[in-house]
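There are 2 protein chains.
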Amino acid sequence: MERIRVAIVGYGNLGRGVEKAIRQNPDMELVAIFSRRPAGDLNIRDEDVAVLNIVDAEDYVDRIDVAVLCGGSATDLPVQGPQFARFFNTVDSFDTHARIPQYYEEMDRAAREAGHLSAISIGWDPGLFSMNRLLFEAVLPVGSTYTFWGKGVSQGHSDAIRRIDGVKDAVQYTIPVSGAMERVRQGENPQLSTREKHVRQCFVVAEEGADRERIAKEIKEMPAYFADYDTEVIFISEEELKREHSAMPHGGFVIRSGETGEGNSQLLEFSLKLGNNPQFTASVLLAYARAVYRMNKEGQAGARTIFDIPLSYLSPESPAVLREKLL
Amino acid sequence: MERIRVAIVGYGNLGRGVEKAIRQNPDMELVAIFSRRPAGDLNIRDEDVAVLNIVDAEDYVDRIDVAVLCGGSATDLPVQGPQFARFFNTVDSFDTHARIPQYYEEMDRAAREAGHLSAISIGWDPGLFSMNRLLFEAVLPVGSTYTFWGKGVSQGHSDAIRRIDGVKDAVQYTIPVSGAMERVRQGENPQLSTREKHVRQCFVVAEEGADRERIAKEIKEMPAYFADYDTEVIFISEEELKREHSAMPHGGFVIRSGETGEGNSQLLEFSLKLGNNPQFTASVLLAYARAVYRMNKEGQAGARTIFDIPLSYLSPESPAVLREKLL
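Those protein sequences? They're chains A and B, same order as listed. Going by our numbering, the first residue of the first sequence is number -18, and it counts up by one from there. Going by our numbering, the first residue of the second sequence is number -18, and it counts up by one from there.
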């Protein structure tokens, strides 16, 4: 079997998740890991996997089918995205909601010029949750859509805290407000502000001598990430963080409460209960890496979101088998 | 605004649901209803809607953008599908799972030859549930998928009973076996036969003098619909059926229990709680009617399933607005 040759760009939680997920997909093989760190630091034991610096990407143009970009959205992807889209098909999980339109334009231009295909903002939110929001609104035009997250660790938000000067490490929990969830499930269609739906709880390890008050203020005022929420910042020791907050669970649900005809209520729900969030996101990225590879082979180029990619491209099975087995 | 001109073919529960759903979609207008019954019997009060016989379809080729086929899968759609695909773009809810591959081929040929696009087997199962089965298996390759239906009335199954000689009316409830659902939710990954997951309960009004034993036997032995289930057949009066079984609720869920990495459990779930099943199916059909209309305008022809249609085509919003608002 001809396998899809995958590269991982960035070897953090998400990159390691992609490495594990490739082992669950027999039609894929890992050929390279790009990192800013020296190869020896990464502890890669598979001798068939090249460990490379990002500056070496161009040399691998003919040896990689899809690069899975696993860097953070705040500073990595805005640079690495367009850079890698020039050399390879790409998939990423860019999740700074407010900047998606701009990132899309940049990725579309870079990928289109190079004849590559780039799927952006893939994962579960943005990603599978976005997909369900669109689907639910299209099939039930009269109604209200709600997204709740958690309780769980948000990698994007934890990452954003870690980038603050004086922060050594951090874990952020998103927690839905239970009373609000209950009202939605009862079909009340309540109007809920961002603040009424979730609280954010941040466990932060400060560098020695760092100004904790300034760190807490920077977190709480960070636009898009924390400013619109009731955010609790709790400083703890590095030991406590490792001991109590190392698991990476998450979850959430998208619900649409609508009606058809003369007041017939219709309720749609999509939910996730994830034991390991970055590993799940990695698995979603890989399914879309398969799609990107195939669509590019058919001649498509430019940027795509989860809204643009037919589901048939995600499965290793043929359309005829899918119709027979899953429809 | 240029509106999508929709025709309804078959004016039963589903057809009336489409009629109501069109009023919730401002970018669409109902231009014609095709029926085998005389126009006067249908009680259509909108003077802008032409009420036509199916044999008149050809005259309306230039006045209809999409025909929503609302006939039954057992006998109507196999004939009407290819027939209408020659004149119009079509959407249908063909739901005889075992015959989908053959129906797809026939619709693909008819639509392709005429330059039309036909979305087949749209609704919630087949339809949204199929979509989630494919998605869940692609993003979690290691795991088990379960579909549970009910408690609710299955139109397809009720319809199949009504076609039996000697049956005046019937309502079929699909009921999930609660113990089986519980085991799946606990992550046990049980192996469940078709029979272990659901029971089928049929309330039947027999024609006067009909052989009830023969009717019950025909129901219980009907392949694809009832043969693989524990099926209960209860004969009741027409009055009781109207009084106790007139609502058309349904629901169900698709769940995938999988794992990533070294045994991290991941649970995905999609569920529906429908106050009125045919009205919901009608709403799904209309969203896909929009997609079919647009994709055909872009030059696509032939048959498509829910696996082949990107979600962006379902929404009246532009791709840029979708990226900004829903991603």
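Among the hints, erroneous ones may be present.
Same chains, same names: a pair is fine if it fits in one copy or spans any two.
To be verified - Taking lysine to aspartate or glutamate pairs in the EDC-like style, the calculated list, with each CA pair at most 20 Å apart, reads:
#	residue 1	residue 2
1	Lys178	Asp57
2	Lys278	Glu(-17)
3	Lys132	Glu87
4	Lys201	Asp146
5	Lys254	Glu243
6	Lys278	Asp289
7	Lys198	Asp146
8	Lys1	Glu240
9	Lys254	Glu163
10	Lys201	Glu213
11	Lys132	Glu250
12	Lys306	Glu279
13	Lys306	Glu86
14	Lys306	Asp209
Think of the hints as simulated: they come from the structure by calculation, not from any bench. Source: prediction; values computed, not measured.
Practice task
Classify it for me, Lys1 with Glu240: is the Cα-Cα distance of at most 20 Å met within a copy, between copies, both or neither?
Solution key: between (43 Å within a copy, 11 Å between copies)
Problem - Within, between, both or neither: Lys278, Asp289 at alpha-carbon 20 Å - result: both (16 Å within a copy, 17 Å between copies)
Practice task
Could you place Lys278 and Glu(-17) in one of the four classes (within, between, both, neither) given a Cα distance threshold of 20 Å?
Solution key: Within one copy only: 14 Å inside a chain, 36 Å across chains, cut-off 20 Å.
Exercise for the section: Since the copies are identical, ignore which copy is meant and state whether Lys306 and Glu279 lie within 20 Å (CA to CA) inside a copy, between copies, both or neither. Expected result: neither (25 Å within a copy, 29 Å between copies)
Problem - Alpha-carbon proximity between Lys132 and Glu87, which holds within one copy, between copies, both or neither at 20 Å - result: neither (34 Å within a copy, 49 Å between copies)
Practice task
Classify it for me, Lys306 with Glu86: is the Cα-Cα distance of at most 20 Å met within a copy, between copies, both or neither?
Solution key: between (38 Å within a copy, 16 Å between copies)
Practice task
Since the copies are identical, ignore which copy is meant and state whether Lys132 and Glu250 lie within 20 Å (CA to CA) inside a copy, between copies, both or neither.
Solution key: both (17 Å within a copy, 17 Å between copies)
Practice task
Can you give me the call for Lys201 and Asp146, within, between, both or neither, at a CA distance of at most 20 Å?
Solution key: within (14 Å within a copy, 71 Å between copies)
Handout entry: Intra/inter-copy verdict for Lys306 and Asp209 if alpha-carbon distance must be at most 20 Å
Key = Between copies only: 17 Å across, 45 Å inside.
Problem - Intra- versus inter-copy proximity for Glu243 and Lys254 (alpha-carbon distance at most 20 Å) - result: Between copies, since 17 Å is at most 20 Å while 35 Å is not.
Problem - Intra/inter-copy verdict for Lys201 and Glu213 if alpha-carbon distance must be at most 20 Å - result: within (8 Å within a copy, 60 Å between copies)
Practice task
Using 20 Å as the alpha carbon limit, work out where Lys198 and Asp146 are close: within a copy, between copies, both or neither.
Solution key: Answer is within: at 12 Å inside a copy they meet the 20 Å cutoff, but 76 Å across does not.
Violation of the numbered hints given earlier is confined to hints 1, 3 and 12; the remaining hints are satisfied by the structure.
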